[in-house]
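**Q** Dock chain to chain to rebuild the complex, using the hints, since each chain is given by itself in its own frame.
Chains as they are written, first to last, in my numbering: chain Z, 1 to 254; chain U, 1 to 258.
Because the hints were derived from the structure by calculation, they are not lab data.
Small disclaimer: the values here were computed from a predicted structure and weren't measured.
Please note: incorrect hints may appear among the correct ones.
Label pairs and their in silico Cβ distance ranges [claimed, not checked]:
1) Z:Phe231 - U:Glu257: 52 to 60 Å
2) U:Leu178 - Z:Gly232: 55 to 63 Å
3) U:Arg26 - Z:Asp218: 28 to 36 Å
4) Z:Gly105 - U:Gln175: 22 to 30 Å
5) Z:Phe231 - U:Val176: 53 to 61 Å
6) U:Ser222 - Z:Asn129: 51 to 59 Å
7) U:Ser62 - Z:Gly105: 42 to 50 Å
8) U:Glu251 - Z:Thr31: 26 to 34 Å
9) Z:Ser184 - U:Phe38: 27 to 35 Å
10) Z:Glu141 - U:Leu230: 39 to 47 Å
11) U:Glu257 - Z:Thr108: 32 to 40 Å
12) Z:Ser64 - U:Phe35: 34 to 42 Å
13) Z:Glu141 - U:Leu48: 45 to 53 Å
Once the Cα atoms are required to be at most 30 Å apart in a straight line, the calculated DSSO-like pairs of lysine-lysine come out as [claimed, not checked]:
14) Z:Lys47 - U:Lys249
15) U:Lys171 - Z:Lys10
16) U:Lys249 - Z:Lys92
17) Z:Lys147 - Z:Lys125
18) Z:Lys133 - U:Lys253
19) U:Lys249 - Z:Lys17
20) Z:Lys149 - Z:Lys10
21) U:Lys24 - Z:Lys130
22) U:Lys57 - Z:Lys78
23) U:Lys249 - Z:Lys78
24) U:Lys250 - Z:Lys92
25) Z:Lys229 - U:Lys253
26) U:Lys171 - Z:Lys17
27) Z:Lys136 - U:Lys171
28) Z:Lys124 - Z:Lys149
29) U:Lys253 - Z:Lys17
30) Z:Lys124 - U:Lys24
31) Z:Lys10 - U:Lys249
32) Z:Lys17 - U:Lys250
33) Z:Lys78 - Z:Lys92
34) Z:Lys92 - U:Lys253
35) Z:Lys125 - Z:Lys136
36) U:Lys24 - Z:Lys125
37) Z:Lys78 - U:Lys171
38) U:Lys250 - Z:Lys10
39) Z:Lys236 - Z:Lys55
40) Z:Lys130 - Z:Lys55
All C-beta atoms, glycine included, are put in the ideal place defined by N, C-alpha and C.
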Amino acid sequence: MNNEIVLEIKNVSKVFKIHHEKNNTFFEFITSSFKRSKKTEQLGVLKDVSFSVEKGKMLGIIGSNGSGKTTLLKIIAKILVPDSGQVSITGKVIPFLELGTGFNGELTARDNVILYGLFLGFSKKEISNKLEKIIKFAELENFVDTKLKNFSTGMYARLAFSTAIEVDPDILLVDEVLSVGDESFQQKSFKKFSEFQAKGKTIIFVSHNLAQVKELCDEVMWIDNGHVKSFGDPTKIVDEFIEFSTKTNTSNEV
Amino acid sequence: MTSILTEIWQKRSLVFALALNDIKLRYKNSFLGFFWSFLEPLLILTVLLFVFTHVMKSTIESYPLYLLLGLIIWYMFTRSTTMGLSSLTDNAHIIQKIHLRKEIFVLSSCLTGFIMMLIEFSAFGIFLVAFSFVPPSTIFLFPLLLIELFVLSVGISLVLSIANVYFRDIKFIWQVILQAGFFLTPIIYSLDMFPSDIKVILELNPISHLITTSHNLVLYGSLPSINSVLYVMIITGSIFLLGYMVFRKKESKIGEEL
Numbered sequence: 001m002n003n004e005i006v007l008e009i010k011n012v013s014k015v016f017k018i019h020h021e022k023n024n025t026f027f028e029f030i031t032s033s034f035k036r037s038k039k040t041e042q043l044g045v046l047k048d049v050s051f052s053v054e055k056g057k058m059l060g061i062i063g064s065n066g067s068g069k070t071t072l073l074k075i076i077a078k079i080l081v082p083d084s085g086q087v088s089i090t091g092k093v094i095p096f097l098e099l100g101t102g103f104n105g106e107l108t109a110r111d112n113v114i115l116y117g118l119f120l121g122f123s124k125k126e127i128s129n130k131l132e133k134i135i136k137f138a139e140l141e142n143f144v145d146t147k148l149k150n151f152s153t154g155m156y157a158r159l160a161f162s163t164a165i166e167v168d169p170d171i172l173l174v175d176e177v178l179s180v181g182d183e184s185f186q187q188k189s190f191k192k193f194s195e196f197q198a199k200g201k202t203i204i205f206v207s208h209n210l211a212q213v214k215e216l217c218d219e220v221m222w223i224d225n226g227h228v229k230s231f232g233d234p235t236k237i238v239d240e241f242i243e244f245s246t247k248t249n250t251s252n253e254v
Numbered sequence: 001m002t003s004i005l006t007e008i009w010q011k012r013s014l015v016f017a018l019a020l021n022d023i024k025l026r027y028k029n030s031f032l033g034f035f036w037s038f039l040e041p042l043l044i045l046t047v048l049l050f051v052f053t054h055v056m057k058s059t060i061e062s063y064p065l066y067l068l069l070g071l072i073i074w075y076m077f078t079r080s081t082t083m084g085l086s087s088l089t090d091n092a093h094i095i096q097k098i099h100l101r102k103e104i105f106v107l108s109s110c111l112t113g114f115i116m117m118l119i120e121f122s123a124f125g126i127f128l129v130a131f132s133f134v135p136p137s138t139i140f141l142f143p144l145l146l147i148e149l150f151v152l153s154v155g156i157s158l159v160l161s162i163a164n165v166y167f168r169d170i171k172f173i174w175q176v177i178l179q180a181g182f183f184l185t186p187i188i189y190s191l192d193m194f195p196s197d198i199k200v201i202l203e204l205n206p207i208s209h210l211i212t213t214s215h216n217l218v219l220y221g222s223l224p225s226i227n228s229v230l231y232v233m234i235i236t237g238s239i240f241l242l243g244y245m246v247f248r249k250k251e252s253k254i255g256e257e258l
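Pulled out of the complex, with its shape left as it was, chain U reads as follows (with noise of 0.2 Å):
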């Protein structure tokens, strides 16, 4: 495993150049150019404020920073999953005639999800300047879950991207997922709103550990507890080593079967 990562390490300027230019295309000809992509979750973010702030009237402490630093954690999620997931079968042309390893496209695929978070982030920055809160000390820790984000994501798109080869409907079924999934995590609303029985099934999702976690950390400066956070370990290394070994299995089968 250690000599695939270090081949993936010397590849290391191809999946940052995949992803920058994924970026640079996203953008491509705007008047605005790149200042467009950082003006874009500004508006958005803004706008989903002033809708659910009117509409929810929740009770939760500083609610819109709340909601805007979920709805980017989520946002991270399911762009990189989707792109990570139709990352193979997009590529297909570069596979079929370039020898390459295939992790690259689903690695470049998660960096462009989490660039773009981190531009959002710039944006959500404006906003703690707006409301005139500081963060707590806690927000150091922040960076290591953003990691622990970025794995989980290159797990779960390492899986989808082979089962996209094979099944080419995956890609609904996940859209479907992640609609769910939305409702179920604790972005506009509190895991606590919930009664205890129904609050352990949500919290087997590990994308609310860490949105949760993430409010903790950013906004009310407590941490997490030990069980949650050896949860969302063992369930992001088992995912990512799942996604490995999934990978390598059908690996070399991948260019004929695209």
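This is chain Z alone, in the form it adopts within the complex (with noise of 0.2 Å):
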């Protein structure tokens, strides 16, 4: 019944232009000017990826290490610009790409929930609606007036986490960052996956742990070396995935 789709990608390209000088100051680049050589490779990082996700879905995305995943969640929260394709999203999108973004040390638990609100785009009034559930998840009701750097790393990120999933996205995309957290904390953001799956919300999840992958995901898309190379049932793609990095450590091995 739910087969609206809410994220569609199409033929989606990325080239990185990787320096091997790369003037970092003016007078190099004034003084290089001067060279004949310009010593600049083309790393394309996603060769016409496409896929589509369905509202109220969790896909999972594996690769090994350089495999794009992460440029590719970049590419859909905005922060980068594909040079082709096209990527068409429906609903809020908020990034999890790491622990707290724009999080300061010296600013209290509120005034940074506040401000990372306003990063997210939502006016003070709303994220000051919101400040009492996302400090409620997180369990820290006694520290709102406690400047961060204070903070235990058990306590950061949960605060990270509630303030990213408290804020309502509809789609969320969440980036390998979870491994930090303890077992309960991450029994607990599972729990609250579920839950926000069940309100019709989409996740995108990034992972290096299969299990969890298995374990959680409707949908899994493997990457390698920036293509597709299957998409489908997370068992079936994650066994494949295993099967297949077993292969080619042996192969590298002789």
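**A** So, in structure tokens, the structure goes:
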């Protein structure tokens, strides 16, 4: 019944220019313009990637390091602009690419949550209304006016996750950040993901923890070297990926 | 362009929050707290006043106030452009993780400079009282000049912030330019002290016009010439437009270059 498509990626490609000698200063730039060779290399990070995600689904993205997973998330979050192809999104995307983006240790938990909300494009009033819920989920009621630098890592992680999820995005992008939390925090987050999906929200989950991907996701996409290698049932694709990885590892050893 | 301006207007609470946090953090943990932000310029201005009035023995009318006014305007310009210049590189960690209009960081830096200037003007008020000086009615035009100063600072910061993403030594080059600029701008002296051919060259600097006009509006009750007003408006407008266009062209690439 829920087959409305909220995210559609069509033929997206992205090339990074890798400078062998990057001119980081103005003087270098002037001196290097007298030299002949400009050493840059084109690195295709994403090549003709197409897929779509339905509303309320959780999509897992797997692939070895450097395969383009994070670049893809950054393109969905509009942080990077693709060289070609189209991205169409329905609803509000919240990127959760690291714990506590823009958090400032010298500010209190309250100020940080408000600032974060403003960064994400909410009005001050909207985010103030959500403040209580955010603090409650993070179990930090007694520390609202404590400076963030005095928080423990766990408290920090809880506040960051709670802020990202309680601002109520339509699509949540999660990039490998939950691995830093302890077991109970992870369990709590996963429970939150299910609640989230039940409300018809979409999650895109990048992880190297294949057991988690199998358990949580409805669909899995395997990206290899910038291409979509396969897309579909989690168990099937994770197993394919594991088989492929072991094979390449042994062939490398030979 | 209007759609972008409305978008930035919608983000005004973020711009203000960033600027206010910046000011808050500047005086963090200080015993006197916010009062310090007022006391600091008061003390610095007192010292500068003491040194310059004794060294310069100037014949300029109301020299202490002349000096302070020029200093406050100059500080606003240097602070805004210095902070604006590094605003993109300083906030790289945010820019790489959240999609945002990147002008916001430049604007909020200049706003921080502007708010600090307003605090300094409240200290300036104390000096007005201390010298029992009553400003002429032309002072009511002074806010317009401050807005122009703000727009000019934003325009220059837009260009410099992008340049600083590509060339990290722009920061040091700009510091040298500012240091030279301090002595090439009528802050501690008056342009009338120069022979007219040198004066013409020094008058190319738009900040010179802004400071001379400030002196006239706040202290001497005279209006600037129409040529001077037009010159500064054209320069300000063109720099702002240039900054805007450079920013538009490069904005989508910043995320990769940082």
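**Q** Against each hint, give a clear statement of whether it holds in the structure.
**A** Verification of the hints:
The hinted range of 52 to 60 Å is not satisfied by Z:Phe231 and U:Glu257, whose Cβ atoms lie roughly 32 Å apart. Under the hint 55 to 63 Å, the C-beta atoms of U:Leu178 and Z:Gly232, about 60 Å apart, fit the expected range. At about 49 Å, the beta-carbon gap between U:Arg26 and Z:Asp218 misses the expected band of 28 to 36 Å. Z:Gly105 and U:Gln175 have their C-beta atoms about 28 Å apart, which keeps the hinted 22 to 30 Å range intact.
At about 56 Å, the beta-carbon gap between Z:Phe231 and U:Val176 stays in the expected band of 53 to 61 Å. A hinted range of 51 to 59 Å holds for the C-beta pair U:Ser222 and Z:Asn129, which are about 53 Å apart. Between U:Ser62 and Z:Gly105 the beta carbon distance is about 46 Å. The supplied range of 42 to 50 Å therefore holds. A hinted range of 26 to 34 Å for the beta carbons of U:Glu251 and Z:Thr31 is consistent with their spacing of about 28 Å.
With their beta carbons about 48 Å apart, Z:Ser184 and U:Phe38 fall outside the hinted range of 27 to 35 Å. Between Z:Glu141 and U:Leu230, the C-beta spacing of about 60 Å breaks the proposed range 39 to 47 Å. A hinted range of 32 to 40 Å holds for the C-beta pair U:Glu257 and Z:Thr108, which are about 33 Å apart. The hinted window of 34 to 42 Å between Z:Ser64 and U:Phe35 is violated, with their beta carbons roughly 57 Å apart.
About 49 Å separates the C-beta atoms of Z:Glu141 and U:Leu48, a value consistent with the hinted range of 45 to 53 Å. Among the hinted pairs, Z:Lys47 with U:Lys249 is consistent with the structure: their alpha-carbon atoms are about 25 Å apart, no more than 30 Å. Pair hint U:Lys171 plus Z:Lys10 does not hold up; C-alpha atoms about 41 Å apart against a cutoff of 30 Å. A hinted pair counts as satisfied when its Cα atoms are at most 30 Å apart, and U:Lys249 with Z:Lys92 qualifies at roughly 26 Å.
With a C-alpha separation of about 22 Å, the suggested pairing of Z:Lys147 with Z:Lys125 holds against the 30 Å cut-off. Distance check on the hinted pair: Z:Lys133 and U:Lys253 sit about 37 Å apart at the alpha-carbon level, beyond 30 Å; violated. Note on U:Lys249 and Z:Lys17: the hinted pairing holds, with a Cα-Cα distance of about 18 Å set against a maximum of 30 Å. The suggested pairing of Z:Lys149 with Z:Lys10 is violated, with an alpha-carbon distance near 43 Å, which exceeds 30 Å.
For the hint pairing U:Lys24 with Z:Lys130, the CA-to-CA distance comes to about 24 Å; that is within 30 Å, so the pair holds. Among the hinted pairs, U:Lys57 with Z:Lys78 is inconsistent with the structure: their alpha-carbon atoms are about 60 Å apart, more than 30 Å. About 16 Å separates the Cα atoms of U:Lys249 and Z:Lys78, which keeps this hinted pair within 30 Å; it holds. Note on U:Lys250 and Z:Lys92: the hinted pairing holds, with a Cα-Cα distance of about 25 Å set against a maximum of 30 Å.
Note on Z:Lys229 and U:Lys253: the hinted pairing holds, with a Cα-Cα distance of about 28 Å set against a maximum of 30 Å. Proximity of U:Lys171 to Z:Lys17 is assessed by CA-CA distance (about 25 Å); at most 30 Å being required, the pair is judged to hold. Proposed proximity of Z:Lys136 and U:Lys171 is contradicted: the alpha carbons are some 44 Å apart, above 30 Å. For the suggested pair Z:Lys124 and Z:Lys149, the alpha carbons sit about 23 Å apart, so the restraint of at most 30 Å is met.
Annotation: proposed proximity of U:Lys253 to Z:Lys17 holds, straight-line Cα distance about 11 Å (limit 30 Å). Straight-line distance between C-alpha atoms of Z:Lys124 and U:Lys24 comes to about 18 Å, which keeps the hinted pair within the 30 Å bound. Only pairs whose Cα atoms come within 30 Å are accepted, and Z:Lys10 paired with U:Lys249 is accepted, the gap being roughly 25 Å. Of the supplied pair hints, the one linking Z:Lys17 and U:Lys250 holds, its CA atoms being roughly 15 Å apart against a limit of 30 Å.
Between the alpha carbons of Z:Lys78 and Z:Lys92 the distance comes to roughly 12 Å, so the proposed pair stays at or under 30 Å and holds. Annotation: proposed proximity of Z:Lys92 to U:Lys253 holds, straight-line Cα distance about 23 Å (limit 30 Å). Between the alpha carbons of Z:Lys125 and Z:Lys136 the distance comes to roughly 18 Å, so the proposed pair stays at or under 30 Å and holds. A distance of roughly 21 Å separates the Cα atoms of U:Lys24 and Z:Lys125; the hinted pair therefore holds under the 30 Å criterion.
Between Z:Lys78 and U:Lys171, the direct Cα distance comes to roughly 29 Å. Compliance with the 30 Å bound is thereby established for this hinted pair. Annotation: proposed proximity of U:Lys250 to Z:Lys10 holds, straight-line Cα distance about 25 Å (limit 30 Å). For the given pair, Z:Lys236 sits about 22 Å from Z:Lys55 by alpha-carbon distance, which is consistent with the 30 Å threshold. For the suggested pair Z:Lys130 and Z:Lys55, the alpha carbons sit about 24 Å apart, so the restraint of at most 30 Å is met.
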